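Student: Start from chain A and add chain B with the ligand according to the hints.
Top to bottom, those sequences are chains A and B.
Heads up: the first sequence at position 63 corresponds to 63 in the working numbering, and the numbers run straight through without jumps.
Heads up: the second sequence at position 2 corresponds to 2 in the working numbering, and the numbers run straight through without jumps.
Worth flagging that the hints you see were computed from the coordinates, not collected in a lab.
Certain hints may be false.
[Claimed, not checked] Here are the simulated BS3-like pairs of lysine-lysine, each with C-alpha atoms no more than 25 Å apart in a straight line:
#, chain 1, residue 1, chain 2, residue 2
1, B, K75, B, K216
2, B, K150, A, K79
3, B, K295, B, K264
4, B, K117, A, K52
5, A, K30, A, K8
6, B, K216, B, K38
This structure is a prediction, so every number in the text was calculated from the model and none was measured.
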Amino acid sequence: MIQFYCTKCDFKSIVEHFHCPYCGSPIIGKEVDYTGRISNITTIYTVPEGFKAPVRIAIAVTSNNLRVLGNVPDDDSVKENDEVYITKKEGRFYFTPVHTKY
Amino acid sequence: MSIYIRGSGAHPFGKSKKDVITMAAEAATYAIENGNRKPEFLFVGSMLDNNLHGVANIVPKIADAIGLNGIYGMKIDTASSTGAALFQIAAQYLAASNCTTGLVIASERMTGYDGSKITSMLAQVLSYDEQLHGATMPGLAALIAKDYMKRYNAPYDAFSAVAIKNHRNGLLNPIAHFKKEITMKDIMESRVVADPLRVYDCAPVSDGAVAVMISKEKTDVELAGFGGATDTVNLVDRDNLDGFRATQIAAKRAYDMAKINSHKISIAEIHDAFTPFELIGMEDLNIAERGNAWKMVLKDETALNGRIPVNGSGGLKARGHPVSVSGLAQIMEISLQLSGMAEKRQVDNLSYGIAQSTGGLASNNFVTILRRSD
Ligand SMILES: [Zn+2]
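Isolated chain B, as found in the complex:
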């Protein structure tokens, strides 16, 4: 059974005045318009809708807002990888059902709260023990970053190179949160969040929504493979900190299903919630050799005009990180690239693209592979 991407739409990332349902409806309306079909089912993701905004039972609220009364729908949650999980479960539902077309929507509102409040909300994805010690996502990411630097002799400059590249790419993406280039000086003058990670090493808090229409009717872009996997919630319970096992297992499942290896991949979107995570993600997907991703970034091999562009969309760093939406935004980006609709970011001669999404501190990750259909 082949599943195709038919259309997509977004509410631009950044600071929005709209609520989580209105943003979802706006993204969905674009996706339905350019997909030009009426969806028969609806899978929705939002991580903070309930906790932060008191919105429960979001599916019929979105269905009402876009005139899809009677539709089959449900909400899925895998923390910050929700957008990717949604897409994968929707594809499986489409394959198993007698439907032809369905819609996947992720929407998040995060801005307008103080840093401590959002930090606490996001830290809820960590283990109880980690939270008890005052650990935060950036805090644990900082420990992993230090491990990476020591293990591979990687300089901090490599993290900065990720941020500078992704900001440069974001400048070309109409939905990006940040549309400005940054310099090494900007980075070194920015606040330390958890050493060695500075503000420019961390993806921002963003509002935004993305909708993607999937179908059994043939289009230019086909789902080639997907996979997901969990890992222990406690970081200290993992065998090693050298990469994320959840991504490695998810990638193996996706590559096996697509019947390809990593050499076929010509473009990647990776969950750079923290700059070192882009490097670790490249290594977990095997598009860089273990311990070598930092060298590739410093040699511009992952720039839009490089050997294998990574986060041509700007990534979470510059496109923004509305938590549940990022995974779906990655899939939308790969789809736009493969169908030749990525405008100023367009990369030529693409066949396979990969999207890697991270839930929590890499405790529920998903990998999705798309290809240009013949």
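Extracted from the complex, chain A is given alone in its bound form:
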């Protein structure tokens, strides 16, 4: 997983950027491993075309205070305040419970 940093200001993001949205400076990436804590979670019942309802999305906050939008399993294995592993597959972030072994 890559975290993106602004070379000039404090901006950092898990979303790929080439220039900083706040100051326009170049962005550099750094390889990191991630766990985070779920801050908010919702289940979407009216979903866009190409998706099967329901879709669960959540925001996780990493230890260095980075927000990540990702998908969580459609069951109760991940809840608000849970600690999760953050993985990226084909551009999508997935949050899975830390207590589950893979």
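Tutor: The following block gives chain B with the ligand in isolation, referenced to the frame of chain A:
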């Protein structure tokens, strides 16, 4: 340079059988009739005309439909805040040009498609990354709603209070999509769209059009200030989720231009695409203290007869939400109120009114302040 509102008109919001151009022409005809001038320029907004209906180059099509051949015109797009953006750019054009009178029109047709299709169309305003995860406007609004509830200990009842109030107001608005009161029971029995948001927390999909005539000739209602601002498209790239920075910057610009602070505001129209957004909007405009808007709503302070009426028109929730039109409908409503023409919704003793419009998930917002002219 003072800019005044001279007239306005609407094609009623709801389900229409008419196409986007016919609705625009109908609203424009009313605005020209009651403004009683021939417009010298035309700014047009429509968000889905091209994507959903295959209509491109809409400006001359509308000009033809209302007999304004030869007029100076263009289309503007800032997603769901288009109506407000249009009004602001038209005012700036009027000030810079030697024209006296111009017309602003927004028109949208959205009904008659299945929910998944419209949800996809509207989700296009989100970032590529957000769309990739199946995020939708209500989905991200739900995350923000949960954040608000946790941060300020706000009960879901406060969101319901917004919906109930706005439906009550919509009952008094002849152009409103919904003209029926709703109860807590109706809300709790309605479908969950993205928890905690239910159908009654979300503005409906509506057809509709609004036209507003602006002029350098003096009328009762004057443009006092305006502003707009963007924010990062990715929600997770924002410094915090505590309010919308785009509204806060836009409001500061508008207040500075009007040379007033929020205490002068006596009526507000706020972009309640989702019920919690009305509360966040009140706080971003500083007509409520941060974290306190939900208490004001529960105390009826924002009802039509309250201390500061919010969404007396019914808001997006009950007036309806033809996406590009809502921002202009807000301005029309404030103008009607300030000129004493709001009929059953009329609030007395008004001086300044404010309209707040949200583009995308608060990534391009506009704030407009109108006042009664001396
Ligand atoms: Zn930067």
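Student: So, for every hint listed, does it hold in this structure?
Tutor: Hint-by-hint comparison with the structure:
no.	hint	in the structure
1	B/K75 / B/K216	22 Å, holds
2	B/K150 / A/K79	15 Å, holds
3	B/K295 / B/K264	21 Å, holds
4	B/K117 / A/K52	13 Å, holds
5	A/K30 / A/K8	15 Å, holds
6	B/K216 / B/K38	13 Å, holds
When the structure is compared with the earlier hints, no violation turns up for any of them.
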